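Participant: Oh and the sequence shown: position 48 is 48 in my numbering, straight run, nothing missing.
Simulated from the structure, these hints should not be mistaken for lab results. Be aware that one or more of the hints could be misleading.
If you anchor each label on the Cβ, the simulated ranges turn out as follows [what the hints assert, rightly or not]:
| no. | residue 1 | residue 2 | range |
| --- | --- | --- | --- |
| 1 | 35 | 57 | 16 to 22 Å |
| 2 | 65 | 20 | 28 to 34 Å |
| 3 | 23 | 53 | 33 to 39 Å |
| 4 | 35 | 68 | 14 to 20 Å |
| 5 | 50 | 15 | 26 to 32 Å |
| 6 | 24 | 48 | 17 to 23 Å |
Keep in mind the model is a prediction, meaning the values are calculated, not measured. Idealized CB from N, CA, C, for every residue including glycine.
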Amino acid sequence: MTVAEGGGVFISYRRQESSHLAGRLSDRLADRFGEGQVFIDVDTIEPGVDFAEEIFRAVAVCQVLLAIIGPGWLTETGEGVVGGLMIRTT
1 MTVAEGGGVF
11 ISYRRQESSH
21 LAGRLSDRLA
31 DRFGEGQVFI
41 DVDTIEPGVD
51 FAEEIFRAVA
61 VCQVLLAIIG
71 PGWLTETGEG
81 VVGGLMIRTT
């Protein structure tokens, strides 16, 4: 079963802090379990697909979610962000 079908591993990360780590982790997991079992946005979402909707869909159907937390995660602020968590209001 692939991530698109409701299985696999979803890797959540912030590009500014941990894209290099997330990429390495994704490669290792894909080597071990197969590329279809790993969801990482830059490799999985096709051009033209609604990015936010695809992220929410993939999170809803994954079996494992790995959150890569960088050094600034807890102090992150901004619109829609509370203590490192992005809050969706729709």
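Participant: Could you run down the list of hints and mark each one as holding or not?
Facilitator: Structure-based check of all given hints:
Restraint check, residue 35 to residue 57: a C-beta distance of roughly 18 Å satisfies the suggested window 16 to 22 Å. In this structure, residue 65 and residue 20 break the distance hint of 28 to 34 Å, their C-beta atoms being roughly 20 Å apart. Checked against the hint of 33 to 39 Å, the pair residue 23 and residue 53 fails, with Cβ atoms roughly 23 Å apart. Distance hint check for residue 35 and residue 68: the Cβ-Cβ separation is about 19 Å, which falls inside the suggested range of 14 to 20 Å.
Take residue 50 and residue 15: their Cβ atoms lie about 18 Å apart, and the range 26 to 32 Å is violated. Checked against the hint of 17 to 23 Å, the pair residue 24 and residue 48 fails, with Cβ atoms roughly 28 Å apart.
In terms of the numbered hints stated before, the structure departs from hints 2, 3, 5, 6, listed from lowest to highest.
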